[in-house]
Structure formats: structure tokens, C-alpha cells
Amino acid sequence: MSNTQGKKGTRNAGGAPAPRPSSGQGMKFARRTASGRYLSLSREDLDYTEGELAADYANYTVQIPPTPDKQPMKDGSEPTTVAMKAEEQYVSNSLFTGGFNSVTRAHLMDKVIDSEVTHPQMAGVKAARCAMPACDGKAMRNERGEDMDPCECRFKICRDCYLDAQKDGCICPGCKEHYKICEYADDDPNDVSSSSGKLHLQGAGAGLLARNGEFDHNRWLFESSGTYGYGNAFMPKGGMHDDDDDPDDDGHGGGGGGGLPEQKPFKPLTRKIPMPASIISPYRIFIVIRMFVLIFYLTWRIRNPNMEALWLWGMSIVCELWFAFSWLLDMLPKVNPINRSTDLAVLKEKFETPSPSNPHGRSDLPGLDVFVSTADPEKEPVLTTANTILSILAVDYPVEKLACYVSDDGGALLTFESMAEAASFANIWVPFCKKHDIEPRNPDSYFSIKGDPTKGKRRSDFVKDRRKVKREYDEFKVRINGLPDSIRRRSDAFNAREDMKMLKHLRESGADPSEQPKVKKATWMADGTHWPGTWAVSAPDHAKGNHAGILQVMLRPPSPDPLYGMHDEDQLLDYSDVDIRLPMLVYMSREKRPGYDHNKKAGAMNALVRCSAVMSNFPFILNFDCDHYINNAQAVREAMCFMMDRGGERICYIQFPQRFEGIDPSDRYANHNTVFFDGNMRALDGLQGPMYVGTGCMFRRFALYGFDPPRTAEYTGWTFRKKKVTMFQQDPESDTQSLKTEDFDAELTAQLVPRRFGNSSAMLASIPVAEFQARPIADHPAILHGRPPGSLTVPRPPLEPPAVAEAVSVISCWYEDKTEWGDRVGWIYGSVTEDVVTGYRMHNRGWRSVYWISKRDAFLGTAPINMTDRLHQVLRWATGSVEIFFSRNNAFLASRKLMFLQRVAYLNVGIYPFTSIFLVTYCFIPALSLFSGFFIVQTLNVAFLCYLLTITVTLIALGILEVKWSGVELEDWWRNEQFWLISGTRTPTPVND
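In the working numbering, the protein residues as written are 129 to 1121.
Among the clues, some could well be false.
Claimed, not checked - The calculated lysine to aspartate or glutamate pairs, modelled on DMTMM-like cross-linking and capped at a C-alpha distance of 25 Å, are:
hint, residue 1, residue 2
1, 649, 506
2, 946, 928
3, 648, 242
4, 728, 997
5, 672, 655
6, 672, 504
7, 583, 707
8, 632, 655
9, 585, 602
10, 562, 603
In case anyone wonders, no lab produced these hints; they're calculated from the structure.
Sequences and hints are given; from them, build the entire structure.
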């Protein structure tokens, strides 16, 4: 694996310039205007040996306007070189493996799956062979998958041979001439001729080439009103950017682009909508009434014991006291439920509309890494996982700002090849969804919808396109369902070949064939090599819980500019007006070895966090279970409204409600759990925020790293008086070069950073970049911790092999040793319900969260369909809650940054399982009364009956009002009450299948 990089300085993750080594007075870069570039050259850059230059001429400014052969770099991006494209192509065609006490290897794969691969971003796509003698490598390709010719002679060359040619003087092996454009190949896909694949100039200056191939400057000056700018050796009095600030500048010559629209006034992206007073006020009043009635009732009960049956009276009193306490814990956090709304039009106007800071209208939205976790392809069907991946790749979000990571904790070849098949089918499915605005973007769910599919469709070719895509999807399902047999037959064939080779070798060596050594029954990949993960027949280093780390870039990062399809009759569909780029897709299987605690799902999620930090480092993370898919293509944009709005820098995550499909209409087992998701969680949104429930949650990466928010509040004293606190010692400058991890935590020194996060330098360098990119735009004085507008419009650097090799090292089994991963950083270990604990730790540090219920359900998943599975699920939740209660995550031990009512809600999470003990006991009291002839009270009087009547009436009123403000159906509310009683009396005892 080569570590060769381009000659130009690379950039760190996030698009910001990588820190350059300080060596005295280096190059000073000035800001660029619409007229071209400003370059400030220091004395070191001038080649004067005799001291001829006077002191006044030590620094001078040269303003270079754009010409057809020297265009200004769009949004500050550096031109992508042919070498960088070759490196990225090499990454996507290689399977990286490694781990503890092993060397990281890159296995170049000519073939990933048995079926044909057509998308240029995907690994294993077909290409012409390198023309170098004795080289069978693939020729380099451009964004369209066409052969890329770095020389005018159109000599086909692979990546490795091209790098060797660069080292040998940048001479083309074909024509033996210097590469004229080998170092500055344009990145614009329109600059690549579809007929020849030759790199050349396009646009108005394409016809201005002289016979020798050089640009004809004289002709351009004569035929146009262009100018070659101006410059002087003296620094202007007002600085080198006076012309930009001059109100009289007419925008000509070297001036800075006039005619740009003025900055528009601040508009909020989200709104908080309080509940109607006609509903919430009576609701609060009934809570207070019932609370006082319970106090009077329990006081009366304690003062009037049944002396004839004190044992029965005592049992009833203890149970009733617990029920009152449990009811109070459940109701107090519900006093302030709220609704929210978002404005996607304002989001588009702020982040994707041309402006002075973003003249080209590139997306200024932050990036998003999407995590999908799976563990066993036998229990979690690969077709379901593949459909989830397809829905993610088709989401309505800038393609270059999206990356999908699939964690396969089982290391199964079946999962690997099914993901490759999904990536191949995405070449058809994703553009189809964009062209016809398909909802939902899970193909299985979409083609299962009953009704008229043409409703709301405007294009005349929709029916034809849908029919073709449906046929392709049916073939895709056949291939996915046939993968187990295909892998088995292939492995049997290769293993039989190996047996024959061994037998032939024994015969040639004269050994006894009866003593033939046993050949390992390996699992083979499509390219005829061993699968580095789990084999069907377990072997050393190839078993569940014992295999190397695996990393494969299924779809390499897309180009920064839109790439529209070609109008070709050979194409299945017409995508000439559709962007055919696909988001980056990465398959990851972390290393597993005996003797290490891999911490199940939480460990896999932390491995994904580190892997993505090194490879893409997008500032936000959205996690899914493999059986949940995106049902609303706008859901990601809606969630981003909260993160990018005023105060968004204090939000640690956006939790979506869990919605399920495939449940019987009556929902006998309360699988929808609507009372919790539409009632309890909506109420917590009015406090410090909802809990994290495991899936369908968008995280701020910086919050997962265990840092405090920039601003928070502390609640002190018995009255919980609120005091605002600024957590950062000083607000870091709006420049990623000046940011350090120590800037965000006063207790974190440079020596302690590796102790917390591990020893990966790339991982550590990505932290401040992720924090900077997650900030809202500072377009209003009220935004105290923002970033400059247009700072995320810079295209990201290509993905290089060293970055992928570093990602393999951070997913090894030893990386977390003696670090704070799982203790303070990332998903928290030590509990069955690691999701609740992870969210609690963030709230305990002062972060806030948001609950977003969109009009169209954001995500859909599957739920248990029988009583046994449902009770097992409830038992697991209850076990995790008990673990929380008896750990340091108990809300009694929370910090002062946790609100009082939020503390009550978390306390209820750890206490509610104990209610089953008192519920079972109370259910036996009627039977004990019947057999003993005694009652819980000695005599029935008016006070006792009035208390019971008031408690019952207020309970019914509260139920009706809660149904009103939460939007829960009355039947769902009743099913929830039924299953609460069933699960409360059955959960303590495991139910056998």
C-alpha cells in the first residue's frame, strides 16, 4: 500500500486547510474576491541573492483576475490532481484488513460480487487494462467511469504506474513526453470529453488554443474586454483589501464582485409551539388536585389501621404508598409538553442559496454520517438490511455531505456481498427516487404500497420507469436471496480445487496420499481469495469472536459538483437531468479476539465513531438498527434545522419517535408504544429533552466525545435556582487551525488527550474540526457560538489509503485499552440499556436534546409480533433499568446541570421495574381478604369512599386530557394500560419460547 501523496498540501478532515509547519515567516494567504485571487508573497518567496530589493518592497500584492486558462478555484477548493483521483480509485477497489499484532494490508479486488458492477463510484467496476508491459492493473477512470487519459497521447495507465511515472520525471511512458496536465487536472466533470476521455479546456476559452496547444493570451485580450489585473510593490495604507471595502468600487478591474445580494435579516429555522391553555391548564390543575387527595387519603389510611388484620393493612399501605410515589414520578415530568415546527424553506435559503459568502450556491450544510449496525445475517435478514441501506443512500440531502457506514459484528461474507449488491442496485434506485420524488425510499415498502402509484407524479415517463425499476428490484431480491447458496457453491468449488492441488503436490513429492493433511474449508470471495472474516466452518482467526478487522469502501466519496446522467439509448432509464452521484458507503467489521470484552452493540457503535472520524469526520451522526429505514426523505433536513438554529450549539441529539409496521391493526401487545413516544417523550421535550432510545437519533459528534456544551445552566439550592455558566474558557477562533482539543475542557491537558481518546493522531486532529463544523452560522448577534457563513462550501479532500489504514487501526480490539471509551466517551458500557445511559450522561453534562415528530413518520421499523418476544423485550428493558438504579448512573447522583424534573424522569426509569413487586402483591390482596374474611380497612365510611371517588375521577380526567394533548388514540391508550398490567405481573419471570 502506497503512502504517496500529491505534491500540493493536503487538507484535514472537514475541508479546512491542514496546519502547516511554522518555519519563520512562511507564505501568507489573503482572502480571495470574485475577481480572482490575492496572493501575499513574503521575502522568503523572492529569489534575490544580492539584496537588490529595498525594504519597502519586502511584501507586495498581485491581483490575478480569471482568464479562460486560469480560472479561480471554486469556493477555495484546490484543483484535484490526477494522482488524487487515482488514490481514491485505489481505495475503493481495495479491501483493508488488520488488527492487533498484525500488519494492515490492502487487498486489491478486481471483483466484489458475481454480478456486473456499472456505477463508477463502486468497487470492482470494469475498466480498461493498463497499457504498460507486464502490468494487468486497471486504467484510471473519471467520475463517469470513463478511462482517464493524463496525457494527450491517450496512453492507458493504472494508478501505480502513473505514480511511478511521476517519480521518474513526470514523463508519459507512451509518447515519452512530459505530462502537460498531469498535476492540475480539472475536477469539473463537464471538462472531460465523453468521446475520448481526454482532459482539455472547456467553455469560452476552449477555442483559444494556439497550434502548440498553449493558451493564446493575445487573442483572448483582443477578442474580449479582459484585463490581466494590476499590482504594485507597496502595501496600500488601508491594507491589501481596500478595494473590497470601497463603496465606490464599480466591480470592474480587480474589484470585488459587485451585484451580490445583500444579507437578508435573521429568520428562525424552528419554532416552539406550546400546548393550548384550554387543555394543559386543566391538566396541571388535576395533577395538583390528585396529588393533594392522595396525601389526604394516605394520611387517613395510616391513621385508621385495621387492628384485626394488621398484616393485611400493612401490605396494602406499603403498596399504596409505592403506587402514589410511582405515579408522582411519572406525572411530574409531564407538566410542560410542547410541539415544534421547522421551516425547510429558510434552511434552503440560508445554506443552499447564492450569497456574498457563497457566490456559487454550494451547500453550506454540515455533513452527516449514518450508522447501521447488524450482527447476525441469520437472525437479521440481509434483504432487510439492504433495503435500509438503499433508503439511506436515497435521502434528500447533499450527496457530498452524506456517508453511510455499515457495522457487521458477525464478520459474515453474506452481509458483505449483500451490501455490495445494494450498492450496485443503488445506481438505478437512487436516481429514480430523485427523478420522481419517491416516498418511501425503501424499495420493498414502496412497491408494496396499495393504491395508485401515479398519484402526484408529473413526468410522463414515470410508469415506464417504475416498471423497469420494479423488474430490476425483483432480480435484485433474487440475487440477495440466492447469495447463501452462491457463496456455499463457490466455496465448495474452490475448496475442492485446493484439495486437488494438495493431492497433486503429494503425488509429485512422493508422499503417501493416505497421509494427506487436512485442508481448511475456507469461505471464498468472488475474486477467488479467502474471506478474512468469519468462515462457514470455523477456523483459527476466522470464527465468530475471532477475526481480523475489515474495511471496504463500497462506494467512494462523490465528486463535489453535480454529475448528471448521459442521454443514452443503452441506459435503462433517462437520467440526463438527474444527479447520479451516490453517497459514500463503507462496510466495517471490527476486529474481534478471544479474551477481549467487545461490549456488544455499544462497542460496535464506538468503533463506527472512530472509523468515521478518520475517514469522513462529519459533525453529526445518525444511527439506525438494521430493521429501521428512512420513511421521510426530508427528515434529515428537518432535524438539521434544530442543530443549525439559534441555540443549536447546546443540542446533543435529536430523537425521533419509533414507528413500526407489520403490526396487527388492534395492536394487542401495545407494540406501537404510542403513550410513551407521543406522551412521555413529548413532555420531556419541554424540559431538558427526551431520552435516547437506541435508534433513529441524530447525534452531535462533539457531544459523544464527552465534552460539555459551550453554554449551559446549573441548578443550585433547594429551590433549584438557575445560573448560566460558560463552559469554554475562551471561545476558540473561527479557524480550524487554531482549535485544539484542550480548548474545550479546562481539565484536559495535552498529555491526557491520548488517555481519553486513544493514540490515533488522525482521530485526535478530527475532534476540533468536528466541533467547528457543527456550529450554526453566525448570521445574527444572538448566535454566540457560530461559524462564518460559507465555511463548509469547500469541497472535501479525496480519501487516501493512509486514512483508511488508520481507520483499520482504530477499530482493532486493543485500541480502547486504558482509554475512556465506553466510560466517558462514546456509547457507555456496562448496561443492557446503553442507550438510556448514554443520553443521561449527556444531559448530566448540561446538554439539551430535542424530540421531533414530523408530519410524515421519519423512520419505520419492525417490532415483536407475539407475546413471548414482546415480554422478552420488556424484560431486557427492565433489567437495564435495574442496572441503572444500582450504578453511578442513578439520577440521585446527578450533577447540578440536570434539571429537577429531568432528574425525576431519569429516576423513574431506574425505579419503575420495582413496581411489579408491589403490583403482584396488591393483586393477591383481594384473594387474601376473601380467604381471611378481613378487609384493608376496618370499616367503610364516607371519607374513605369520597377519597376513592375523587382519585378515580381525577385519574379519568387526566387520561382524557393526556389523550387530547398527546394526540394518542383512545384505543392505543387503553391497550397501553392493558399491557402495563400484563408486563408488570409477568416481567420478573422469564418466558420460555
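Evaluation of the provided hints:
1. 649 to 506: With a Cα-Cα distance of about 20 Å, the restraint between residue 649 and residue 506 holds, given a limit of 25 Å.
2. 946 to 928: violated, 29 Å
3. 648 to 242: holds, 23 Å
4. 728 to 997: At roughly 20 Å apart (the allowed maximum being 25 Å), residue 997 and residue 728 satisfy the hint.
5. 672 to 655: holds, 23 Å
6. 672 to 504: holds, 10 Å
7. 583 to 707: Within the cut-off at roughly 24 Å; holds.
8. 632 to 655: holds, 24 Å
9. 585 to 602: Answer holds: residue 585 to residue 602 is near 23 Å, not above 25 Å.
10. 562 to 603: holds, 21 Å
The structure fails to meet hint 2 from the earlier list, while all remaining hints are met.
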